Structures are given as structure tokens and as C-alpha cells.
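A.B. asks: Turn these sequences into a full structure, and let the hints guide you.
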Amino acid sequence: MGTIFHLDIVSPEESIYSGPVEFMVAPALMGEVGIYPRHTPMLTKIKSGMVRIKAQLKEEELIYVSGGMLEVQPDIVTILADTAVRSHDLDEAKAIEAKQAAEEALKNRESDLDYARAQAELIEATAQLAAIEKLRKRGH
Amino acid sequence: MAGSREIRTKISSVKNTQKITRAMEMVAASKMRKAQDRMKKARPYGEKIRNVAAHMSGANTEYRHPFLIERDTVKRIGIIIVTSDKGLCGGLNTNVLRRVVGAMKAWEAEGEQIEVSCIGNKGLGFMSRINANVISHVVGLGDTPDMESLIGSVKVVLDGYTEDRFDRVYIFYNRFINTMKQEPVMEQLLPLSDERMQDEDQESNKPSAAWDYIYEPEAKPVIDDIMVRYVEALIYQALTENMASEQSARMVAMKAASDNASTVIDELTLIYNKSRQAAITKELSEIVGGAAAV
Chain A
1 MGTIFHLDIV SPEESIYSGP VEFMVAPALM GEVGIYPRHT PMLTKIKSGM VRIKAQLKEE
61 ELIYVSGGML EVQPDIVTIL ADTAVRSHDL DEAKAIEAKQ AAEEALKNRE SDLDYARAQA
121 ELIEATAQLA AIEKLRKRGH
Chain B
1001 MAGSREIRTK ISSVKNTQKI TRAMEMVAAS KMRKAQDRMK KARPYGEKIR NVAAHMSGAN
1061 TEYRHPFLIE RDTVKRIGII IVTSDKGLCG GLNTNVLRRV VGAMKAWEAE GEQIEVSCIG
1121 NKGLGFMSRI NANVISHVVG LGDTPDMESL IGSVKVVLDG YTEDRFDRVY IFYNRFINTM
1181 KQEPVMEQLL PLSDERMQDE DQESNKPSAA WDYIYEPEAK PVIDDIMVRY VEALIYQALT
1241 ENMASEQSAR MVAMKAASDN ASTVIDELTL IYNKSRQAAI TKELSEIVGG AAAV
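If you read the protein sequences in the order shown, they are chains A and B.
Just so we're aligned: the first sequence equals residues 1 to 140 in the working numbering.
Just so we're aligned: the second sequence equals residues 1001 to 1294 in the working numbering.
Worth flagging that the hints you see were computed from the coordinates, not collected in a lab.
One or more of the hints may lead you astray.
[Claimed, not checked] Computed, partial: chain A to chain B, Cβ under 10 Å:
1. Thr3
2. Ala28
3. Val33
4. Gly34
5. Pro37
[What the hints assert, rightly or not] Quick list of simulated restraints, FRET-style, between CB atoms:
6. A:Glu32 / B:Glu1110: 49 to 55 Å
7. A:Gly34 / B:Glu1112: 47 to 53 Å
8. A:Glu61 / B:Glu1110: 53 to 59 Å
9. A:Tyr64 / B:Lys1040: 21 to 27 Å
10. B:Asp1164 / A:Lys134: 23 to 29 Å
11. B:Asn1131 / A:Asp75: 51 to 57 Å
12. A:Glu92 / B:Asp1146: 16 to 22 Å
13. B:Gly1111 / A:Glu92: 30 to 36 Å
14. A:Glu60 / B:Arg1175: 39 to 45 Å
15. B:Glu1218 / A:Glu59: 34 to 40 Å
It should be emphasised that the depicted structure is a prediction, and the values quoted were computed from it without experimental measurement.
Ideal placement from N, C-alpha and C gives every residue a C-beta, glycine not left out.
C.D. replies: Shown next, in the form of C-alpha cells:
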């Protein structure tokens, strides 16, 4: 060890990169950071941008990440990539939207209820029809 | 002959139903494979972020996140219910909702207030029917759920926790065990239980105490972000598990329906043949009887 470290880039929807690397550069929030093996533990946010990876005996590789978190341990580095573009305001807007949708749904409870009731009645009616048919068959 | 025509139309109608259920079974089978893939793909992120969270709880952080702090009194409870958007998947949603109702009754008996966030149409419909307090919901996620559509409604719940509107948050979903078996489960989401993180600790070699990360730009926003993502990852994982469960439950239900249709068709065919033969026998005996009379 000492000349390489393990790098994992994962997003909630899939694993993007996993393997030993010599050196990497990530777009941290305060500027780009280059990481060699045995780096001090560090935790930082990253911006959207390119992650540059140099693995042993391989060409440099570029991977796009749309922001996320970077965790550095002496011989393991993890990038938790976001799949969505995020910022505090955007998240807030989404939360408000979700809340409003719920309130709307509560207001429209009547109509939902009617629909549910209609569905229940329909199911009951079909069951009754089936039962009647069966009885009729027995009778014959 | 009275019955035979009716029986024939009945047989053909059952056959049509069987065609539909068989098609749905095959669709569910192929979707199930994809849903399982997605569930497996979501796992590494969950594991990694759990490791980071475990490292963090081991580290000597100067700031302790509210998600990690257990509260003494529990008065208000937030629950997240993950169900499917569509029906025709056997008892999947019923099982999980039964679990929810049981828990809600117990909490209500202890005088706790409950607020609900629904992911999936079936849970939302049920919750609004029983007049539960629904604070947020997501429906129509389709077959490829993405994190982005979850963020809003999850944030409503997480904010509720940080703003002290809830003292505890639980999540209900169907855990995928195998194609034949899915299990409704209730898990405590917030505060994050220590045991959950400890599980992973044994795998990752725990660094010695009294160390801390370098935070950029500062500890608080970074830890806040990690914690929110951690909880979101847990919810996303629950969602993918539930979707895999949904597809396999639907496949099994549709297979049972197709099999039932076959037995019904067999029975009806038997009845049809019998009645046809009875008619022939009757006709013959009439002819014979008529000939004898002459």
C-alpha cells in the first residue's frame, strides 16, 4: 500500500466507479482538491464538475458528477454523488410543492372518497353477480 | 338446448380474462428483474453513506446532528408509508397498511399525535379514507423511481423533525425477501438508531478515537448534508425494495389468477360436454321412443 488508494463513486441509483487509483482530483466546494494516498481524513461537499482519476497503468479518466459529498480516509475515498441538481432553495421549493399537493389532496378528499366508494361498490356488485350466477347454475 | 350456448360464451370470456392475466404476469416478470437490478444498484450508495455516517459517529466531531439525538418524550410521530401506485398485486399493500393501522392504533392509545407522508397512490388513498393527517405525498413514480421526485416530500418530514414537530419518524414498506416472499416492515428512521450504524462498523476497521475530519467549508453544513442524504438514501432503498416486492407480488398474483382461470375453464368444459351429451341422449331416446310408438 501507500502508492494507491481505493476510490468508490456511487450515486443512489447506481455505482459509478470502484477501483484502486493513484491520484484523483475532485471539484470541492472551496476549489479543486487533488488527493494522493494517505491523505488526512476530510469531509467536504463537491460542486458539479469533472472528477479526474488516474489509475495505475491506465490513461487518465474523467467522470462527471453533479455535486455530492466527498469523504477521504487515508486509503479509502468515497464520493457520494447526487443524481439531482440540488441547492437549498430548490429543495425548499420542492418541499413547499409537496406540502401544497398534500393539502390539495385533503381538500379533494370528497372526490377521492367518492371514487373509492364507487370502486368498492363496483367490486361488491361484481361479486354479487358472480354469486348469483353460481347459484343459478346450482339450481339448474 | 338451453345451457350450452351460455356456457360457451362463459368459457370464451374466461379465456379472454386468462389472456390478460397471463400477459400481465409476463410483464410483471420482466419488470421484476429490472426492479431487482435497481434495488441491487441502490445498495452500494446505502452502504457507503452508512460507512461515512459510522465513521462520523466514531469521530470526535465538534457538532452533533439532531438526527442522532434521542429525545426523552415522544408526543408526536411522523410516519412514511411506502406503497405501490397500482393495484392487482395480491395482498402487498393490504399487508403493509394493516401493519400501519395496528401501529397507529397503539400510538393513538398512548395519546400520541400522528402525521403521515405517503409514497405511492394506494397508501394515500387509504390514509385519506381513514382521515389521517397527510402532510405530504408522492404518487406516480412509475417503474424507474428517481431520487429527485422524493426530495420534496421527504424534506417536509425531515423539517418536521428538526423543527420539533415530530419526536420520532418511522417508515413502513415491504421488504423484498425473495420472489415468493415479501414482508411488511416498520423501521425507525429518526432518530437514527445506533445499532443500525454499528452493524457496518464491524466491517469497516474503526479508526481510533479522538480524531476528526477536516471539514470544508465548515462542520455543520457538511454534516447536515450528509445526514439528510443518509436518510434519503434509506428511504430510496425502501422504495426500491417495495417496487421489487410489488412486481414479484403482482407476478405471483397474476400466475394464480391464470391458474384459476384454467381450472374454471376445465370445469366449464366438462359441464358443457355433459350437457351436450345429455341433449344428444335425450334426442336419441325421443327418436327411439317415437319409432317404438309407431
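A.B. asks: If a hint holds in the structure, say so; if it does not, say that too.
C.D. replies: How the hints compare with the structure:
For the restraint placing Thr3 (chain A) at the interface with chain B, the shortest Cβ-Cβ distance is roughly 20 Å, beyond the 10 Å limit, so the hint is violated. Nearest Cβ of chain B to the Cβ of Ala28 (chain A): about 6 Å, under the 10 Å cut. The hint holds. The restraint placing Val33 (chain A) at the interface with chain B holds, with a minimum CB-CB distance near 8 Å, inside the 10 Å limit. A least Cβ separation of about 14 Å between Gly34 (chain A) and chain B goes past the 10 Å threshold, and the interface hint is therefore violated.
For the restraint placing Pro37 (chain A) at the interface with chain B, the shortest Cβ-Cβ distance is roughly 16 Å, beyond the 10 Å limit, so the hint is violated. Separated by about 53 Å at the C-beta atoms, Glu32 (chain A) and Glu1110 (chain B) satisfy the suggested range of 49 to 55 Å. Taking 47 to 53 Å as the suggested C-beta distance range, the pair Gly34 (chain A) and Glu1112 (chain B) conforms, at roughly 52 Å. Here the CB-CB span from Glu61 (chain A) to Glu1110 (chain B) is close to 56 Å, well matched to the stated 53 to 59 Å.
The beta-carbon spacing between Tyr64 (chain A) and Lys1040 (chain B), approximately 23 Å, falls within the hinted interval of 21 to 27 Å. For the pair Asp1164 (chain B) and Lys134 (chain A), the beta carbons lie near 58 Å from each other, so the given range of 23 to 29 Å is not met. Taken as a hint, the range 51 to 57 Å holds for the pair Asn1131 (chain B) and Asp75 (chain A), whose Cβ atoms sit roughly 55 Å apart. Distance hint check for Glu92 (chain A) and Asp1146 (chain B): the Cβ-Cβ separation is about 19 Å, which falls inside the suggested range of 16 to 22 Å.
A C-beta distance of roughly 33 Å is found between Gly1111 (chain B) and Glu92 (chain A), which places it inside the suggested range of 30 to 36 Å. Our hint of 39 to 45 Å for Glu60 (chain A) and Arg1175 (chain B) holds, since their Cβ atoms are close to 42 Å apart. In this structure the hint that Glu1218 (chain B) and Glu59 (chain A) lie 34 to 40 Å apart at CB holds, the actual value being about 37 Å.
Violated hints, in rising order: 1, 4, 5, 10; the structure is consistent with all others.
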